[in-house]
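Given the structure of chain A, go ahead and fit chains B, C, D, E and F with the ligands onto it with the hints provided.
Protein chains in written order, with my numbering: chain A, 1 to 112; chain B, 1 to 112; chain C, 1 to 112; chain D, 1 to 442; chain E, 1 to 442; chain F, 1 to 442.
Certain hints may be false.
[As the list claims (entries may be wrong)] Partial list, derived from the structure: chain C residues whose beta carbon lies under 10 Å from chain B:
hint, residue
1, 36
2, 90
3, 93
Calculated from the structure, these hints are not laboratory results.
These figures come from a predicted structure and were not determined experimentally.
Cβ atoms here follow ideal geometry from the backbone N, Cα and C, with glycine treated the same way.
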Amino acid sequence: MKLLIAVIKPSKLDEVREALTSLGIEGMTASEVKGYGRQKGHKEIYRGSEYTVHFVPKIKIEVAVSDELAERAVQSIQDASRTGQIGDGKIFVLPLEEAVRIRTGESGAEAL
Amino acid sequence: MKLLIAVIKPSKLDEVREALTSLGIEGMTASEVKGYGRQKGHKEIYRGSEYTVHFVPKIKIEVAVSDELAERAVQSIQDASRTGQIGDGKIFVLPLEEAVRIRTGESGAEAL
Amino acid sequence: MKLLIAVIKPSKLDEVREALTSLGIEGMTASEVKGYGRQKGHKEIYRGSEYTVHFVPKIKIEVAVSDELAERAVQSIQDASRTGQIGDGKIFVLPLEEAVRIRTGESGAEAL
Amino acid sequence: MRTTRLATAIAAGAAAFVLSATPAVAQEAGALNGANTAWILTSTALVLFMTLPGLALFYGGLVHTRNVLSVLMHCFAIACLASVLWLVFLYSIAFGDGGGANALFGGFDKAFLAGVSVDALWGDIPETVFFMFQMTFAIITPALIVGAFVERIRFLAVLWFCALWLTFVYAPVAHWIWGGGALSDGGWLGGNGVRDFAGGIVVHVTAGVSALVAAMVIGQRQGFPGEITPPHSPVLTMMGAAMLWVGWFGFNAGSALTSDGNAGMAMTVTHISAATASLTWMALEWLRYGRASLVGIVTGMVAGLATVTPASGFVGPLGGLVCGLAGGGICFFATPWIKHRLGIDDSLDVFAVHGVGGMTGTLLTAVFAAPALGGLGHAAGATVGSQLLVQLGGIVVAAVWSALVTLVILKLIAVAVGLRVSPEVEIEGLDITTHGERGYSL
Amino acid sequence: MRTTRLATAIAAGAAAFVLSATPAVAQEAGALNGANTAWILTSTALVLFMTLPGLALFYGGLVHTRNVLSVLMHCFAIACLASVLWLVFLYSIAFGDGGGANALFGGFDKAFLAGVSVDALWGDIPETVFFMFQMTFAIITPALIVGAFVERIRFLAVLWFCALWLTFVYAPVAHWIWGGGALSDGGWLGGNGVRDFAGGIVVHVTAGVSALVAAMVIGQRQGFPGEITPPHSPVLTMMGAAMLWVGWFGFNAGSALTSDGNAGMAMTVTHISAATASLTWMALEWLRYGRASLVGIVTGMVAGLATVTPASGFVGPLGGLVCGLAGGGICFFATPWIKHRLGIDDSLDVFAVHGVGGMTGTLLTAVFAAPALGGLGHAAGATVGSQLLVQLGGIVVAAVWSALVTLVILKLIAVAVGLRVSPEVEIEGLDITTHGERGYSL
Amino acid sequence: MRTTRLATAIAAGAAAFVLSATPAVAQEAGALNGANTAWILTSTALVLFMTLPGLALFYGGLVHTRNVLSVLMHCFAIACLASVLWLVFLYSIAFGDGGGANALFGGFDKAFLAGVSVDALWGDIPETVFFMFQMTFAIITPALIVGAFVERIRFLAVLWFCALWLTFVYAPVAHWIWGGGALSDGGWLGGNGVRDFAGGIVVHVTAGVSALVAAMVIGQRQGFPGEITPPHSPVLTMMGAAMLWVGWFGFNAGSALTSDGNAGMAMTVTHISAATASLTWMALEWLRYGRASLVGIVTGMVAGLATVTPASGFVGPLGGLVCGLAGGGICFFATPWIKHRLGIDDSLDVFAVHGVGGMTGTLLTAVFAAPALGGLGHAAGATVGSQLLVQLGGIVVAAVWSALVTLVILKLIAVAVGLRVSPEVEIEGLDITTHGERGYSL
Ligand SMILES: Nc1ncnc2c1ncn2[C@@H]1O[C@H](COP(=O)(O)OP(=O)(O)O)[C@@H](O)[C@H]1O
Ligand SMILES: Nc1ncnc2c1ncn2[C@@H]1O[C@H](COP(=O)(O)OP(=O)(O)O)[C@@H](O)[C@H]1O
Ligand SMILES: Nc1ncnc2c1ncn2[C@@H]1O[C@H](COP(=O)(O)OP(=O)(O)O)[C@@H](O)[C@H]1O
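Pulled out of the complex, with its shape left as it was, chain A reads as follows (with noise of 0.2 Å):
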């Protein structure tokens, strides 16, 4: 199994979990981060003085996913995100050695 963990721009989280249960991935987890990378923050303007804002807020979205859909689920994430403008941002992939349902106990793929 893998764990996807993707950071995308919070206007897209929408648009990607159609996408993911389109995938008949039917769980996921989210969060608010904060991150940079080519998009390198931004400045705001308050009564004339400019601030630094060097974090761009993002959302984060973690799936775990068995091996066989982890490719499609990438891609699917990858198009539902992509605005093609700097700050789309990333997917990584991670190995995921166990997987388990708190509820049932079942464990492995059938536990996602």
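Positioned in the frame of chain A, the structure of chains B, C, D, E and F with the ligands alone reads:
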């Protein structure tokens, strides 16, 4: 070493903390996340209109443990956070290559 | 590639950011977390009553780096965030199988 | 303004009702009444407080976090713009003497408060105080409409709308009803004109109807209705609602323009209606959805206050209770009906709460002014039935006019500057895109 | 109500003190005083503001995020319920003429404001204004008690408690002390009754004692004391505290029912006591815990205001200073004592702050009313000593009655609808479970 | 205090202007005016509301989350400390009769309100009311200065600064201008003294100049200017700003000390200036930075209010408009100029907004008091030119004195208790380190 990532019901955090402590695991990191799985979000009604809330508030905990402890840790998290109802959450186990205690520079298991 | 996860003191974020940038690492993701380790939370007093706060506010940073850079990155995070006092935090190193830059589709090291 | 209307009314022989209503006019002419002045100065502060920050917070808490600042900005900018325009010519249009055209509008003689000295009186209070008190009504009315098009409107469009709407809808209608114009005593509706104590028609019907039209013209928010997110902060909303309640004492009891029993009774019925409507909404929500929410109870409060507004100076405690029951109950059912049956995204339910409430109260005024029902009585020659027709006439005229003019204004703005932000901007939120700020960095 | 009490007092010959206190009564009988009316209209708005949103925010900030809305809801619903019941019969019980039973309660003659016309006067202000002003006191008192059982109470239980408590505790006690009943001049305590200017006993002792009993009956929150989380938003708490301070000017200075030096001095001593108590608490906290907190200083403020409430119309600046020192100091030590020594989870310290403060101030009133201490003097025939006994008697009677009745009411509710939510619900929080909302979605 | 000044003015023969300004003084001497009293009681509540919670929230929203509580704490503690000191001796210094030294300060005769009975009058209102009203000005002025050194100052230093600054800057300057001292009629500047209706110099110039000096002495925040974070909550800031606007009605219109046309006109020009300045700032920001922000528009509002403060009782609507335009425009450019050109970290722009605004308004007062420009006229013998010189003189004296004394006070505090927290504490934030609390635990 393993990095355990568990997504649990917010109201279960304290019990999980105590369970892990009793195992001698003396550190963890928690954060607020939102997610869905079998538990498909819910509807809230304001002024007679339905609002769909796709993501349910959860707590994500991250615990780095030595290989020996990993299994028992997973078990006790499960025992402590289970209610038997949908939405209980998930536990993910990831391989952890290295851990460093910033203060002392200790690394590996003794850094945990 | 490696995914570095570091939990540091909130006040150290800027220094760490600068340290990594000087290493040529041009992206990272940060989020607010709460945790405890050796530093066992603390007590706050309101109106003469003690309130136990088990979790201390920390910042979690996630940085994906190429294998070559990993070690130096860990080192510089440690140098930048160390105060020598309890609560300095931890650094975890996880294997990272794949990274994708959503905007361009580039993958692997050049996606970082 | 009641004082002048009432003066006319006296001339028209409606003495009985009038005297009970305003002992003030009994005073020797031209004398300043310091007590009345003190209360209206206070009421002015209370009504400004209703918009800043009351209404702004009430609305701000109901939208998505990414749009909270835009809502506060709309209310704040509208307050400023309305204030300046009120001085420049709106006050004159509403309360000036239009001479031949007086049935329609008050002319421009009082533009920039021309000829209004520090000692000038309106009834027995300084005209500057009356000017300020009325200004606060002109501030909150367009701000109410904001609820119809939050989260998608262009900021520039808000400013243009505010200016044009005040000029062609608010000021004229205020003149018709309060300024001695077509709908007041001796106007088109006969010797006894519309009875609108504190703005059931002038404020709530005009704002409510215009909001409905605006929501239709501007269109639904993306994802409406399914994907709209819940109010981002019921805490802010309750805070604002509470300030609206307190400020409404100035709105209604201040509209007596006197510091006496008339103000006292107006405050009483206002409060009773607010409390009753809140409980009504709470009970209905509990029965229908199995739980009573904070957003629900405060919405009921607003409905009750909007409903009692036109009646507040004419009815007794019983009238207050009924206004609360009716306002709370009717608006409770009107709200989902408009959004779901009609599918109109009047986002913060301006029409369903203010429009419907204002109409209900305007009609109830005719009924509960009857002494038999604890009211303060009708003008001489008027009966429940006759007054009902007059009230109905007033509602229809104001509603039709508001709808038409709002439509025209929005079409013009659509062409001139555009009404809506782009879909991307809408998703990203108005705060950061339009105003360059975020509501919270916690 | 002081006016009537004072009228009696005059009859009783206490002219000296009285006249200085209220020049108003010197006026020709039956004449409306517009200035006094203006100030009481304003005070009514100020005291409503204390509860909505003042107290609601003050309390809301002190609880866990997951319960903030429930606290706002409790305060809001109580305000609505109390208002309607006040009209229906509470006002009559408190301020009506109970005839033979007048020592105990005021009867039902004024139910629904029967016979109270728009022109009816109470002293020299409209009775509707007096009715409204007093209503705001009936609103805040049960809302204060909410602090005892937040985060675990059933919403339905709150509503029932509010209704029954107002009927059997608040209204009668108000009648005894302010309505010409058993504890006022010529009552059980002799010619000179209890001196409670703005509610040290009527509001704070009754609420404080009832809160203590409620906390004991309902029991501790899960995890009390060790695992309770800190106030989720000192920002909200400070906001509410500041509104309480401002509103308290209406509470105490408004209780003069006149716009004159009596109101001015009441406002002065009120403010001085609040400021002094805040600094006292701050200093003690600093000395004892090494740092001064925002939650601490505003708690001191409330203690100072509760303490000066009964004294505000009878003492001078010196009295204000001492009330502040005593209130701030005593409540500072009482708070942890109740929670830890006694282990009673009076969650937001209602008794320790309001109960203890109200009692302290009620006794200090007898002392600092003495002209030698800058006070406005005692009634004829009364001395510091004699008045102290009377004040003590008043406290004891009110406290015992409040405790007993609260106990009975809660036992009834426990059987009828249940007092506490389930442990699961308590952990999950009242907002989402009971009201279906979350405080913040940032 | 205008009343006394005006009394003097009458003696000086400026009857014409004076009478129009305050009919009150026409009354038979020694009579209490209940209406004026009601309005000043209300104004006192409004001005307290400006600081608690108004200014506290306005400032609190502008800082980093980790310092929000410290800002609220500063404002709250200052309010308490100023209140107690006002009673102890500040009021006497400001408004007592200093006998021989009266040009410089008012002596200590009125310390602890000695000799001020409940019936004592100031003009035609109770002296206790005048005492309270003036106290609220002494509360807000040092609180304004907090904006200069937030996020790095030691709490203890704030307290010491407040006490010493009020004693040696505020109280004396208030005496010079309002208390019959050196800068008032018949003082150093001749028969016609400085005209400062509500505190352009007494409040805004003293606070602004002292803030500038304090910012220079205490030094920049770490990371200034590049690394400073944006306001953590524009929502809080707007809330506070709105409360400031409403409260300012009491500040300026209350300064008439009468409930009449003078108060009405003062409220009118105050409001017009606030609205105009807000729109001016909004427009300039839009033109220059491409977007109008909420923080910007409310900053403009404060600038407009500070600017019109000295003028509010002397000018007409036109004066209000110009004060708004000038205040909004000049402060807009002054703000970045101070921070960037001069590199002074007057963190919340106290000098650029209040200092600059207050000076601008003080000068405009001389111009727009001219009847030709709709003003209420100059005192007999005074012309625009002569009054301009007097106003300028007042500004210079007050500014120089404020700067020098502030410098000395801060140097003393630096030695005695230290001004700044440690760099670590500054990074970690004042809330948790100094007060042991966090602003939000959501
Ligand atoms: N090396 C990295 N490690 C961890 N997170 C990263 C890294 N690079 C980028 N990110 C995350 O991805 C987000 C978008 O990255 P960015 O470089 O701006 O996108 P792009 O390069 O496609 O324009 C950043 O805000 C950050 O949160
Ligand atoms: N495939 C997944 N990847 C990441 N997180 C998941 C996944 N499935 C579930 N979760 C997380 O676990 C939480 C609980 O999952 P859910 O399926 O509702 O529990 P259960 O299936 O035991 O009823 C979700 O809210 C989500 O945050
Ligand atoms: N075993 C662990 N797993 C996950 N996070 C941990 C673990 N131990 C510590 N942490 C994180 O690191 C932070 C600092 O740890 P702490 O033990 O207090 O530092 P130190 O041991 O260097 O004093 C904690 O607040 C927690 O968030």
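Here's how the hints hold up against the structure:
1. 36: At 6 Å from the nearest chain B Cβ, residue 36/C passes the 10 Å test, so the hint holds.
2. 90: It holds, given that the least Cβ distance between residue 90/C and chain B is near 6 Å, below 10 Å.
3. 93: Hint on residue 93/C: holds, closest Cβ of chain B at ~4 Å, below 10 Å.
Every hint from the earlier list agrees with this structure, and none is contradicted.
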